[in-house]
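With these hints in hand, go ahead and build the complete structure from the sequences.
For the record, the sequence lines run as chains A and B.
Numbered according to the UniProt record's numbering, the first sequence spans residues 1 to 335.
Numbered according to the UniProt record's numbering, the second sequence spans residues 1 to 329.
Think of the hints as simulated: they come from the structure by calculation, not from any bench.
Given the structure is predicted, the values throughout are model-derived calculations rather than measurements.
Hints are not guaranteed to be accurate.
Unchecked claim - With a straight-line Cα cutoff of 25 Å, these simulated SDA-like cross-link-like pairs (lysine to any residue) come out:
#	chain 1	residue 1	chain 2	residue 2
1	A	Lys242	B	Asn170
2	A	Lys242	B	Leu153
3	A	Lys81	A	Ala17
4	A	Lys242	B	Asp79
5	A	Lys242	B	Glu219
6	A	Lys81	A	Ala23
7	A	Lys242	B	Gly202
8	A	Lys54	B	His294
9	A	Lys242	B	Ala133
10	A	Lys242	B	Thr270
11	B	Lys239	B	Glu219
12	A	Lys242	B	Arg84
13	A	Lys242	B	Thr105
14	A	Lys242	B	Asn100
15	A	Lys242	B	Ala320
16	A	Lys242	B	Ile123
17	A	Lys242	B	Ser82
18	A	Lys81	A	Val37
19	A	Lys81	A	Leu24
20	A	Lys242	B	Ala126
21	B	Lys239	B	Gly310
22	A	Lys242	B	Lys239
23	A	Lys242	B	Arg318
24	A	Lys242	B	His151
25	A	Lys242	B	Gly310
26	A	Lys242	B	Thr80
27	A	Lys242	B	Gly58
28	A	Lys242	B	Pro59
29	A	Lys242	B	Leu99
30	B	Lys239	B	Thr270
31	A	Lys81	A	Pro170
32	A	Lys242	B	Arg122
33	A	Lys242	B	Pro104
34	B	Lys239	B	Gly202
What the hints assert, rightly or not - Anything over 10 Å on all C-beta distances counts as not near chain A; from chain B, calculated:
#	residue
35	Pro104
36	Asp114
37	Arg135
38	Leu165
39	Asp240
40	Glu311
Don't be surprised by glycine CBs; every beta carbon is placed ideally from N, CA and C.
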Amino acid sequence: MALLRHILSKLGWYAAAFAAALALNFFLPRLLPGNPVDTLIGQALRGHASSETKQRVYETYVAEFGLDQGLWSQFLTYIGKTLQGDFGTSFSRYPAEVATMIGDALPWTIALQLPAVLLGWIIGNLVGAVAAYRRGGFDRSVYLSSLFLTAAPYYCLAVLLLYGLAVALPLFPTGGGWSFGNSPEWSAMFAVDAVSHWFLPFLSLLLVFIGGQAIGMRSMAVYEVDADYVRFAESFGLPDRKIVGYIFRNGMLPQITGLALAIGTLVGGALLTEIVFSYPGIGTLLYDAILNKDYPVIQAVTLLVLIVVLVANFLVDVLYGLIDPRIRAAERGER
Amino acid sequence: MTLASITNLSAHYTAGDQRFHALDDVALDVRPGQVLGVVGESGCGKSTMASVLSLNPGPSLRVTSGTLAIGGRDVDLTDTASHRALRGGTVALLPQGALNALNPTRRVGAMAHDILAAGDRRITRAESLRRTAARLEALELPPRVLRAYPHQLSGGMRQRVVTALATLRNPRLLVADEPSSALDVSSQRLLVDLLRRLVADGLVEGIVFITHDVALLSELADRIAVMYAGRVVEEAPAKDLVAAPRHPYAQALLASVLVPEPGTRGHRVTGIPGAPPDLRAPIPGCPFAPRCAHALDRCADERPPRLVIGERDDSCWRSAEAEEAAHVR
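Structure below.
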């Protein structure tokens with residue numbers, strides 16, 4: 001029962017964080033200077049209409065989008081609709097549904113980020129643990145290259161890869177989700193095309209993530225390597241991979257917290273990577289929405305990111321207890 | 001008749017350009033069915049010797065020469081790459097600080113299986129658990145320990161679990177590196193009884209017990225070797241050494257501790273003046289000479305020979321000259 005109470009109290013904290021973020025979500029885009037309808041009309045009418053027509057169109061849009069109401073009543077509408085799962089219509093691509101736009105973009109982002117995060121976490125931590133255990137030259141080269149990979153901003157590495165593997169040495173396409181003239185469908189040809197477009201952004205995310213995890217794991221594992229239990233295990237001639245496994249399991253406990261903390265930055269950084277490769281995911285969607293001050297889309301995307309980060313953090317909290325028997329015991333009140 | 005004998009063991013640590021000569025031509029014999037105690041103050045090289053003897057030297061230690069004859073084969077101590085197969089099965093380590101020797105995220109049974117599988121790759125998990133349960137029972141531990149994580153065991157139980165794991169593959173020689181130093185006296189007592197029983201029951205053929213605690217050794221050990229500055233200066237049956245040490249360092253060491261025996265009451269504890277020598281340069285003569293009240297001229301320059309008389313030996317010029325004089329007469 002202590003475990004249940006622990007989870008419930010955690011849930012309470014998450015609910016509070018969610019409420020605060022929901023409010024910020026609404027007000028922050030509206031603090032952007034300018035007006036979404038101006039941008040929209042500027043693009044739609046291109047100055048050909050009389051100022052009277054402009055004025056009428058302007059008023060229609062303002063009324064349609066509800067921008068003529070007070071900020072407070074807009075906020076209440078927003079909360080009400082959001083809780084019903086209604087994200088409204090886009091301003092810039094009126095009358096497209098925000099939910100449909102996100103539904104179109106989301107699979108691309110998931111296909112990009114999920115493998116990069118999972119694979120990067122596993123590879124990065126293993127490399128870090130092996131580096132700490134082996135020491136010497138391997139350790140130094142892992143440390144230096146990891147340092148480079150994490151210290152370089154996401155978009156820098158993305159631009160470098162783009163230049164190296166798509167421009168200087170044209171192995172991969174320079175951007176987009178598929179080739180011009182192709183359209184998304186379930187066929188082998190399209191799949192090959194999509195994977196070749198997917199690979200570079202995936203690789204740039206993977207490398208950055210491996211670097212960050214390897215550095216963290218290495219500094220954790222350096223302490224574990226000198227621990228008494230490692231020396232004891234070595235005194236039985238246990239194979240290296242077993243000992244690295246021991247170190248990995250003990251060193252990764254703080255790394256899991258690190259993963260939870262990193263998910264926020266990771267999702268944000270990954271959005272930048274999508275923009276560099278003009279990948280048709282959430283990142284590019286958000287970028288366009290910000291340029292056009294498309295409040296509903298901005299709100300919906302940031303809400304989505306918010307939910308992902310909160311859920312991931314919650315899962316990690318629960319998972320942590322499963323992995324470390326000592327924490328499990330503490331939660332059951334055995335210690 | 002010896003179970004294991006070390007000859008000509010020298011090793012140094014390297015730190016930058018400097019060398020620390022931790023072991024200097026050490027020779028020791030362990031007899032079957034016996035406990036050999038090794039005693040000395042900190043920095044005398046006894047833990048270094050434990051790491052070499054358990055075939056598990058640290059990465060900064062360079063073994064320059066030495067052979068370990070055990071079970072009818074000679075192990076070249078300088079060739080650390082060949083040692084892995086012998087670890088745990090031929091020689092096992094009982095480490096310092098049993099409380100941290102167990103992997104905190106692994107159940108005792110799983111760890112036992114890892115240890116057995118390191119010696120016999122085809123062993124099944126069920127077989128491992130069966131053998132481990134039998135060994136735990138011999139050490140009066142309940143079978144539920146197999147499913148326990150280390151934090152669920154008391155300190156005394158962990159000590160016994162570590163001992164059970166160390167002897168799981170029936171090693172010929174058990175090297176105990178100060179296993180008692182973190183224990184209170186009653187746990188020390190239990191550990192001493194446990195080790196005695198391991199030898200008596202034949203679970204291990206011999207034990208090298210390394211400690212700074214002379215009083216403890218006088219109860220546990222059959223023979224005691226005294227180390228100073230990386231050398232063995234005297235080795236003798238435990239009773240003889242405690243009653244009548246020959247080497248001036250052994251005399252000084254025993255005079256500075258209380259050994260529970262008749263006459264202790266009126267005994268005055270004296271320290272040893274001076275400090276242990278700097279091990280960065282090789283010492284040509286006797287390392288104890290600068291602190292020795294009986295030092296002769298030659299002690300500083302010439303290495304004293306190892307003089308074996310009956311059951312005991314020591315390396316001191318005074319003994320050597322006394323022996324020579326006895327022969328001349």
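Original post:
When you check the alpha-carbon spacing of A/Lys242 and B/Gly58, does it fall within 25 Å?
Top reply: Holds. A/Lys242 to B/Gly58 sits at ~19 Å (cutoff 25 Å).
Original post:
Holds or violated: is the Cβ of B/Pro104 farther than 10 Å from all Cβ atoms of chain A?
Top reply: Violated: least Cβ distance 7 Å, not greater than 10 Å.
Subject >> Given hint B/Pro59 paired with A/Lys242 - CA-CA distance at most 25 Å >> reply: holds (19 Å)
Original post:
Is the hinted pair A/Lys242 and B/Thr270 satisfied, with a Cα-Cα distance of at most 25 Å?
Top reply: Given pair A/Lys242, B/Thr270 is violated - Cα atoms ~50 Å apart, limit 25 Å.
**OP:** Compare the distance between the alpha carbons of A/Lys242 and B/Gly202 with 25 Å, and conclude whether the hinted pair is satisfied.
**Re:** violated (30 Å)
Original post:
Checking the smallest CB distance to chain A, is B/Leu165 really beyond 10 Å?
Top reply: violated (8 Å)
**OP:** Given the hint that A/Lys242 pairs with B/Arg84, test it: the Cα-Cα distance must not exceed 25 Å.
**Re:** At roughly 14 Å apart (the allowed maximum being 25 Å), B/Arg84 and A/Lys242 satisfy the hint.
Original post:
CA of A/Lys54 to CA of B/His294, is that 25 Å or under?
Top reply: Measuring from Cα to Cα gives roughly 113 Å; hence the hint is violated.
Subject >> Agreement of B/Lys239 and B/Thr270 with the hint, judged by alpha carbon distance not exceeding 25 Å >> reply: Holds: B/Lys239 and B/Thr270 sit about 21 Å apart, inside 25 Å.
Subject >> Agreement of A/Lys242 and B/Arg318 with the hint, judged by alpha carbon distance not exceeding 25 Å >> reply: violated (53 Å)
**OP:** Please work out if A/Lys242 and B/Ala133 have their alpha carbons no farther apart than 25 Å.
**Re:** holds (22 Å)
**OP:** Decide, holds or violated, for the assertion that all CB atoms of chain A are farther than 10 Å from the CB of B/Asp114.
**Re:** violated (6 Å)
Hint compliance for this structure: hints 5, 7, 8, 10, 15, 22, 23, 25, 31, 35, 36 and 38 are broken, all remaining hints hold.
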